[in-house]
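If you read the protein sequences in the order shown, they are chains A and B. For what it's worth, the numbering used here labels the leading residue of the first sequence as 4, then goes sequentially. For what it's worth, the numbering used here labels the leading residue of the second sequence as 313, then goes sequentially.
Do not take every clue at face value.
[What the hints assert, rightly or not] Lysine-lysine pairs mimicking DSBU-like chemistry, simulated, CA-CA at most 30 Å apart:
1) A:LYS87 - B:LYS374
2) A:LYS173 - A:LYS263
3) A:LYS191 - A:LYS173
4) B:LYS374 - A:LYS100
5) A:LYS92 - B:LYS374
6) B:LYS536 - A:LYS175
7) A:LYS100 - B:LYS536
8) A:LYS87 - B:LYS587
9) B:LYS563 - A:LYS92
10) B:LYS374 - B:LYS536
11) A:LYS58 - B:LYS563
12) A:LYS107 - B:LYS563
13) A:LYS92 - A:LYS58
Keep in mind the hints are simulated off the structure, nothing from the lab. The structure displayed is predicted, hence computed values, not measured ones.
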Amino acid sequence: MNRIQKSVGVPWQSQRGDGYSDGILAGDPDTSVTGIVTTFTPTFDVLRRAVDSGKNTIICREAPFYSRGERAPVGWRNGPAPAKDLLEKDAIHLAKKEFIEHNKVVIIRLTENWDARTTDGQLQGLARSFDWGHYHTATRNGTDEYDPRNVYFDMPNTTVGRLAEELKDKLKIHAIRVVGDRAAAVSKVALTHGLLLVPDAEQILRQPGVDVMVAGDTVEWEGGPYFQDLVTARMVKGLILLGQEASEEAGCGELATWLKLIVNEVPIEWIPAGEPFWTLSEASR
Amino acid sequence: MTVGETTISRRCFCQLAASSVVFGPTLMRAQAPGRISAREVVTRIKRNVGVPWHTPTSDEFKIGDPDAPITGITTTFMSTLDLLQRSAAAGNNFVISHEPTFWSAADVVSALRDDPLYHHKVDFIEKNKMVVFRFHDHWHAHRPDGIFIGWNRAMGWERCVRYGPDPFSIAYEIPETSLRQLALDMQSKLNVHSMRIVGDPNLRITRVGHGGHYIAQCMATLPKVDLLIVGESREWEAAEYVRDAIAAGQKKALIQLPHEGGEEAGMRYCAEWLKTFVNEAPIQFIPSGDPFWIPA
């Protein structure tokens, strides 16, 4: 933990106003680290696989107990944490907590500080998993290639439908949701990860010519109709939502690669949590 | 349903007969289409919704002149641009929308001044002399919740439902089916395309509950049901909770509906309900539709 704080390259932000901050969310800080797993979210399954492979330390973006710990939600983009008495008697919470204690697992959240770096590791990881490096428009100007604002990709001509299928196949996921006409032509894509809010979309679309935006998720009843309306008004061709996990998981692989540069005493492995969902289009094939 | 339909169905007529003290005087003022304003329609909604009108509320006129005579009424889940175009084409310039028009819960437009889409949408509404009213809080406050009356009806679950004390503590005991079969039924009955599912497709389901907006409701409900339905949850809450429940050995499942799939049927019912006390203008439910599709 101390080594991450020293090497992250930006001043460490230790506190968020509300909700969990980066740092140890579960386990004893003095536990001796047997191995490190990076992942998007510490699901029960990820914890078991980590322990089975002899690693007791998880570095992740989300928290283990189904909330970001916030008490006062902002709009609908997050929800309040459950009341303490409700959580403490919840059988699923208890089973997971017991597993964490019994196996001396330590869970470290690393989100804001990782995202504050001048290189957007989440964007870089996602672009790499698509093998889109050579389409990235930022390679043609002098800024840090994966500066968080460099989200634009000039693609060989494709369509909304073909692009959605390509992303689905490359990430091996199913629950991709698309707004827009499948046949609409696409050549410029704005690639983002995580939750896309309407003001962020407005900002990114100020650059003319963007056909499609890709994101993890949106506040469905804000971003969804915003893009429906953009499509109806013929201002944009579509929106592709990969799912939170799918859009952030590749960046957790980047994190594992980065950690190996600063920690070499223990094994480090990226274990993707996998998307939580299946869909009927998958089941009917 | 045809445009211009003002016929009162037999079922609605029965309701009217049973409550003639409330509705009788309204019907006697019946006039030709085009002779009622949006404001008068809303005044009657306030009178008939069965709960006191509270403020602050999101149930307000969002755009347009409430005092101009209207040509027809569209009820819908979401007043998207496409929906507004279809409503105008159907001859209805008054849209009653459950959800916002300008892409945020409070329809805050001050931040949208530089957004070309905002101006495009406003231009369309003004050119077509349309009026939009949001009908959300008080339709949910109706007892039973107007949205769930419509949803239960769409699912054919009116006889399987048990209402609890809280808004989302609604439980269903349904004839046994599998998760996969129930998801397929739900997809066609609610006309949705982007349902996402957690759990074993062959899991047997009889007890179903709604997870509402937040994880607290999911935690309160999941122990009592086989299947949790959510339409407004964040991915790191309900889906991860149910995924871990299954990993912990519980036989549970989750269906995450598009928000529209959880509420649109309630606006279909809203059109029927409006017809029991407004007959001066045609009233029509037009679906705004699931925004998403999922590649096969």
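| query | Does LYS374 of chain B lie within 30 Å of LYS87 of chain A when you go C-alpha to C-alpha? | reply | 39 Å, violated
| field | 30 Å Cα cutoff - pair LYS563 of chain B, LYS92 of chain A | value | Given pair LYS563 of chain B, LYS92 of chain A holds - Cα atoms ~19 Å apart, limit 30 Å.
| said: Given the hinted pair LYS536 of chain B and LYS175 of chain A, is their Cα-Cα distance within 30 Å? | reply: Violated, because 34 Å separates the two Cα atoms, which is more than 30 Å.
| query | Between LYS173 of chain A and LYS263 of chain A, does the CA-CA distance stay at or below 30 Å? | reply | 25 Å, holds
| said: Please verify whether LYS374 of chain B and LYS100 of chain A have alpha carbons no more than 30 Å apart. | reply: 48 Å, violated
| message | Need the status of pair LYS191 of chain A, LYS173 of chain A: alpha-carbon distance at most 30 Å? | response | 19 Å, holds
| task | With a cut-off of 30 Å on the C-alpha distance, tell me whether LYS100 of chain A and LYS536 of chain B pass. | result | This hinted pair holds, its Cα atoms lying about 22 Å apart.
| Would the pair LYS92 of chain A and LYS58 of chain A pass a check requiring their Cα atoms to be no farther apart than 30 Å? | At roughly 28 Å apart (the allowed maximum being 30 Å), LYS58 of chain A and LYS92 of chain A satisfy the hint.
| request: Compare the distance between the alpha carbons of LYS92 of chain A and LYS374 of chain B with 30 Å, and conclude whether the hinted pair is satisfied. | output: Distance of about 44 Å is beyond 30 Å: violated.
| Straight-line alpha-carbon gap LYS87 of chain A to LYS587 of chain B, limit 30 Å | Outside the cut-off at roughly 46 Å; violated.
| task | Sort out whether LYS563 of chain B lies within 30 Å of LYS58 of chain A, counting only the CA atoms. | result | 29 Å, holds
| Hey, LYS107 of chain A versus LYS563 of chain B, does the alpha-carbon distance stay inside 30 Å? | 27 Å, holds
In summary, the numbered hints that this structure violates are 1, 4, 5, 6, 8, 10.
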